[in-house]
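Colleague: Using the hints, position chain B against chain A.
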Amino acid sequence: MKKNLKRLLPLCMAVMLLLQGCGSGSGSGEKAEKPFAPKYDKETEFSLTVAGHYSNFESLEAEFERFYEHYPNASMQYVTMDDYRNVISSALVNSEPPDIFISNTWMIGNEDYDSLFDACEVLSDPSLDIDYSCIRESLVRTTDSGDVVMLPIFTTSYGMLVNMDIFEKEGLKVPENFKELVSVCEKLKSAGYESPMMGVNRFSGSGLFNCFAYPMYGYNVVKHSDRIDALNSFAPSSGELMRPALERLDEFVNSGCIDLAKCDEEITDEYDSVIMRFFEGDVPMMFATGDVVSGTAKRESKSEAFSAHPFKYRFFTAPSGDDGGYYINSDSICFSVNKNSRNIDMANEFMRFLISRKELGNMAALKRLIPPVNDGSPDEIYSSLADVPADRSFSDKEIGLLDPAVRQFRAAIYAVGNGTMTVDEAVAAYGSIPEE
Amino acid sequence: MNRKLIIVSNLLIMGFILFLIFTYANIKAEESYRNEIIAFEKMTMTTNQIIVNYLEDEQHLCDIWANYINNSAKDGTPMTAEEAVSFIRKAKTSPEIEGHLIFPDTPDRSGISTTAKVSNPDVYSVSYKKIDIFDNIENVNGEDGVTCLTRAYTNPMNGVQSIAFVNDVTVQDEGSGEPKKGLLLRVVPLSSLEQKLVFLKGEYENVEISLVDRDGNYVVHGKSFKNSNFFEYYKSYNEASSDEYEDVIREITSGTGTMMIRNVKGEECVLSYTPLESMTTWFLLAYIPEKDLVESRSIDWLLLGISSLGFLALLVFNSFVMMIYNRKLSEAAQQANQANEAKSYFLSTMSHDIRTPMNAILGLNEMILRDSRDDGIRNYSESIRTAGNTLLGIINDILDFSKIEAGKMEIINVDYSFASLLNDLVNMVQKKADDKGLIFNLDIDRNIPTTLNGDEIRIKQIITNILSNAVKYTAQGSVTFSVQARQPEDKTNSVMLKVSVADTGIGIKPEDLDRLFVAFERIEEKKNRNIEGTGLGMVITRRFLDMMGSSLEVESEYGKGSVFSFELEQRVVNPEPIGDFEEAYRRSISERDSYHEKFTAPDARVLVVDDTPVNLTVFTNLLKRTQLQIDTAESGDDGISLYIRNHYDVIFLDHMMPDKDGIDTIREMKNLTDTSNTSTPVICLTANAISGMREMYINAGFDDYLTKPIDAERLEMMLLQYLPADKVTPASEPVSDTASGIDGTDDNEDVMLPDFLYDIKEINTNAGLNYCGDAEDYIMALEMYLSSAEQKAEEIEKYWTAGDIKSTTVKVHALKSASRAIGALGLGEFAARLEQAGNNGDTDTLDKELVELISGYRQLAKDLEPLKDYEES
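Chains as they are written, first to last, in this note's numbering: chain A, 1 to 436; chain B, 1 to 873.
Isolated chain B (complex conformation):
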């Protein structure tokens, strides 16, 4: 996980936690807000009760006055208006409160006041003519405990805003002496009522209390409420449709509740409303800006802020610590990478460095095996071959493992002959089994298709590993190699191969099975220390099978033997069955013994085209005993000329040649019609021994290919395959050394390498001998190398000067091949490196090093010049 991803993840987690805190804070704030609203409503109800209590008290006092006056009337001694007012004047205790006795039926709705007019102390008469307060009074002298109250109005006697508690009274008309109905008003300054609401300021600083009547007209007017009517005020400052407006009126005048309104400043405000108890005409409105109720939410913001800062600090700290650890890890990883690179470099270098002399060892050993008639020497030589091949196998395993570890190993599927694959495998293991006295059983399904598509090389490697192990760890008994085929369901063009190798070997303990696939781990190492191996075989096998979509199954009984098996699906290219492979193999094996030419074909004619004269020499010498007629050509054009002039039974064509390479040459050949070679098989000679090459060459028009350095046996087998049968005479049984008329060994014994060759540091004579076969051929190859050196060097210079990178590269390739063939391995490697640079278009490298290569080439030719004297002598 990279640093950015970690930081983003941290931030996301932080964000999530903050979101939770924020949500929680909001929920709590909402809860708090709801509680505030509920508390505010309760305050409204409390206020309601205070006001109601006050009003009821005042009403009660008014009722006492009225009852006293009315009781007089009931007793038959009704008071006059003056007497009634006089009574009230005495009864009232507060100078602010007035009593008005009004006779509504008089034109001016006039009456008498307990208090004189402020502007005229002599006037006690009072008129309500222009003060309309009586029309809307309900329940005058109604039920007990019900307040009968006027709206707020201006007291006509003193101009003070007042309210009046009303009751009916009966007095005596002074004129007629008859009872007369009047209204008794207990007039109380509105400020007295307002003072009852002062206590609220302590709890809610900005609360405002208003009392309105049913029409919305203010009885008590809050400071912020504009207009003389609350409903008009609401309409002025709140956008509402007429229906909504009516709803608001209905809601406020029909019960208790809370609603949101906007004030003159456009602020959201909470309005709590409730009708005054014991009255149906007044409604209490408590109003407060919403922000005053939700101030507590700021505490949550503080918490949120602190949490955010805390998280950020944690993130910074963690990032810092992580940065330090990452730096250490990075350093460790770098060191590990360097170590790994060093290991890989070491392995590849070591492999190469071992393989190079191994080629010489094994090559020379092969010559000994061919030429020696001394059984003792042949036995020694055979041991060398066995040990050498084992060593090569180990090196190859290490190289493969390195590639797998580096992720550079790829599966490359090509068409291949399954019989050929089996042949190689059986050839390889039969000998080993025979050497150990083991019975090697074959159980090959005869219905296996002839040609399949898959990674032939890796499959061969897998089975080789298993078979080799079976032979190695079986002391006596048998090794059975079985391949069965079946048709997978729903796949008509595939075959499922079941490959198994059963042995009667030492077996594996169940607890050791897992260790089988651990690199460099060997089971029971002490016990098996005499058995060669790196501990990589099974690891590589399993990895290859993984890459091919298969897996290795192991069944083993300790001390009795093991069965290794796997199933592998392969695409079918040619479904023709391979037939009875065991029988064919047995026949071939019975014919095999020590090396001798497989056939003679003195009537057959072969053309070989290669720009490297040494290669031509080697090729010719390797086939010397077959008595073939061999024509050679050093260029594509020369080859074409011969192709036109003569009939050939087989043509070998080198791929990499200057001017006209193998592919261009075969294309030109195929285009020629006036020739007897139209059906002659053409085989490509190539050093590119990698999977997929076969397909490429077949597509280019070749019939087959043969890798260089050329394996003599393979070459003969190929010729047997392609030469007309009537021109081939199978070789007779090998004759004794003395009887051999064509045995080159005798010649070789006479030919000795000149001493000066051993003094040339650049030349590895063993490698040269190995490649060329014997001393005579080797000297011939050296002579050809020498004679063509100057010309080849000049050609390279010419192409380079002309800027022809491609031709230069081909010439360098030829130099590489020729140099290796004569044992000039250093120069060959140098040329190989510059060939690679040429293929990559790396002109800088060529520019810097080509001169050195040519110089080395010329120096070697100069060192070889004594050969001329040798030849002459």
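If we strip away everything but chain A, and leave its shape as in the complex, we get:
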């Protein structure tokens, strides 16, 4: 599968497109979006099932209701699948296959999902009339034949939640580079904040080390795009590209900015616990991904501490670089259509309805994630991302690393961060670092 994937686009092209994507509002060159017009008889009766791993998908269910306005006799259901990664491939070929399902970019290049991609409808087929031009091109993945089989629904990023009230109270400015970060943390510590930064210490994309170091690593990879293949193939010495990020991580862990033991003790999972701990109101900065941020709105009322003492908070890139943080815009989830669906036409019709600036924007607003459309996110919580310079903004697609390579980096930072490996050991062991 790896060799079937399309090569990454040249960096300059990607940066240019990303700049377009991060721009505010509809650009001057963008055409006005046509309102959705049903292709089939409105009275058509059909049912569709969308399968995924989200335990809750209210933003999608809201879209079902909007779709019913065009097809009132439709019946749509979202099904949460247990052990999604392992069962989705089987589910697609069983007697009751889902019509649409969540796919992720990390599945690309993984042989376990070859059958999944084989079952995907080609959404770029002109006969389907699915206009995905509203989606930033840097986020749209294609097969090496140029087919689009998955379209991004939400995007995410890596960074940190900042309690703005604490900074205001302490008279501090949110740090923009690593030096400022260390300085601010010292001041916060002296002000009584035991661990100015916190996060969940897990081997996952939401783990605190990943939020801190991965964007810096990605930036380094983008800068050395000629080494991407070597990294994906774990070529000897290719691990050296990890060194700047690993050294900065090591420096960070030892700077006293974060108390890992406290994090391990107080933050027990990478989602609920992160948010609820942050809402306690005594954490100045909390490492988080966009997916975690998406759960904040719903949990504000669930937190007694936050309800009693609400505060203002924002999402920032982690200031790991000397010149500032790095903004990676990654696909969070994509939707694919099961080409074996019993209602393939209506499944494609739903995708045609959903893939629009308006509907994707609605979903992202409800989910509090970053929409994949060119307009970016209108949510104020992500407002700081617009200030990240273009040369430090890029997408997963531009990094070009496949999931195994990404997981090796994640294993490296998990080991270095927790002190089980030195930077040198991790660099040397690239390709064979033990994963979770």
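Keep in mind the hints are simulated off the structure, nothing from the lab. Be aware that one or more of the hints could be misleading.
Stated by the list, open to error - Derived DSSO-like pairs (lysine-lysine); straight-line CA-CA distance at most 27 angstroms: (1) K302(A) <-> K403(B); (2) K312(A) <-> K235(B); (3) K42(A) <-> K291(B); (4) K432(B) <-> K472(B); (5) K298(A) <-> K130(B).
Modeller: Structure of chain B alone, referenced to chain A:
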């Protein structure tokens, strides 16, 4: 009831009926709705039973598998895992159903499946490492008949949403050969369970069935239920406090019931819930939009609409019919009104037309009675007077009845002398009683106050009617007139008069008593046909008493007599008792005989002021025999001049005079101090003979008033009252005709009216003679009328040209009075009409007709000019 009121009443009744229908429809709809809810709950319970039966059946099959495997172990020959799965593979009949033998204690919670993995046909191993379904299972291998079930989950072998029935099994560990505990799962696609619920679609089109676990997580997910958890869904779309939210959770997880919730569209929905029997972990939720349950209510709206339209149609029809009837009634009422108006017009015209000649008849007759010494003629004349008075009474009754019917009769209370009232009554009835040979008894309470306040005229009329009837219907015996007084309780300034008239007449049968008060109805008319009457007297009497707050009582015994009585409350003005009225009256009556002057007073001097020379002449002539010194004045100013110069014993002052009327004149007189007349009584002469006039004149400064045309007897009585006693000499007994030295009859016999007077159409000589007394006085009055005519006509023209309406009206009033006095009745009536127009400010009428009046006046004066020759001759 007018039309609008009827329509409003109809609409109100319609509204009320519609309200009742609406209320009834609502009650029925509510009842229907409650029944629907109950039916929906029953459906939920039925569904519950179906699901439970299905689950129990499946559980039973799982138990059979487990029992077989466990029995092997109990028998000492436990199956290996492969053997157990092989057994299940053979035992299960449906390819959709799988058996999983899982060993929870292994790191990956792995085991063996009866069916290969869909994505790899060679793989039978199954792992539940990342599928957390075992922690919340209760009662595994528990009591018989109790279902042990997992939540809905994704079958790791085929990715199908499934549920699994669980039981403990014991197999042999292939490695150690020892017994090994495992979990046997009968994995059933969730769709199998969902198919059991399809039948419900027939009964409730939009019903949705969900199964949730204790935490609200869906086992079976209804289409409209969003979120993965029902309680989260409820919280998202229903405004509820945390306490209410907890109550909802507690309610749903603790029993069976129904509640209202809102769905994603904000619609009210009915949610019926019940725990699945034989399980404590699953709950059945049946949900349907409320509007689907209450559709039957539209039938009631249809009924209501039809009823409303029906009522409206009825209202329109009724209104149309009513309109036609109303139009006919209106026409009939208009005709009746016209007839009534015609009747009233006829009655009033007839009365007037009869009264006018009657005045002449009675006046002339009075002169005959005065002057004639022939007993035969006097008898005839007396009969004429009696018949004339009867006729006048009838006319007056008709007029009064007309006024009562028209609602124009009013009670006007004035101060009056009760003795005077009695006097008039007794005078009236005594003569009649004497004529019929009846004894007239008086029983007057001597304690009756002297002056009372009430409607003197109407009271007199009431008693007159009763007394007249008593005399009329009594052939022999007596009539007793009684007035008693008593003090009403708590009213110190009032007196209650009990008036009764008892007779020994024909009496009234009890059955005829009611007819007594029916207009124009006369009792036993044939028998009493010789007795005059209209049948109105008692009717008028009763109506007057009603208006005064009293009522007439009648006690009668047929053939023996009747007693008519009433009680009347009167305000006391002067409480001094009247004393012995009977004695006083008897004395006066004994003195009365035929007419002759009541006194002579040659030393007394009287001033009479009237702008009408004729009236002055009449006045002077009427008092000729009293030898009074009479000065006359034709205007207020002339009167004042005489008032200043001379002393008078009594002054008579006309009310209506031009320039300075009677009231202005007396005011000026009273303001004069340098005069010997400051205590001289002044009496007003007026034609306004209506109730209340006395008070007005007393208030203006007059001592009394006398109505015109002047009644000679009244005039003499008044003078007797006001002249100083020392100047009055009571008249001696009447002398015989031959002995009379001052008898004017002899003179009159010599004086004849000139013939040309009878040729003047405008003049009624009889009326003139009646008014003026005799031919000589009449000719004098005519001469004065003639001599002043041109001057008076010019005065009227002068005032009219100057725009002085008031003075014009006074002059016209004078013309009216003078014309009537000489018998120019037509001209008098014409002047009376224009006087009325002047009083009303009706200048248009004056402008149109005044010229005609003056022309008529001048023409009459011209016609009278031969009088000059007559005088000269």
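Colleague: Work down the list of hints and note, for each, if the structure agrees.
Modeller: The hints, checked one at a time:
Restraint check for K302(A) and K403(B): not satisfied, since their Cα atoms lie roughly 94 angstroms apart, outside the 27 angstroms limit. Distance hint between K312(A) and K235(B) is fulfilled; the C-alpha atoms sit about 25 angstroms from each other, no more than 27 angstroms. Under the criterion of a C-alpha separation no larger than 27 angstroms, the hint pairing K42(A) with K291(B) is consistent with the structure, at around 24 angstroms. Among the hinted pairs, K432(B) with K472(B) is consistent with the structure: their alpha-carbon atoms are about 9 angstroms apart, no more than 27 angstroms.
Annotation: proposed proximity of K298(A) to K130(B) holds, straight-line Cα distance about 26 angstroms (limit 27 angstroms).
When each numbered hint is compared with the structure, a violation occurs for hint 1 only.
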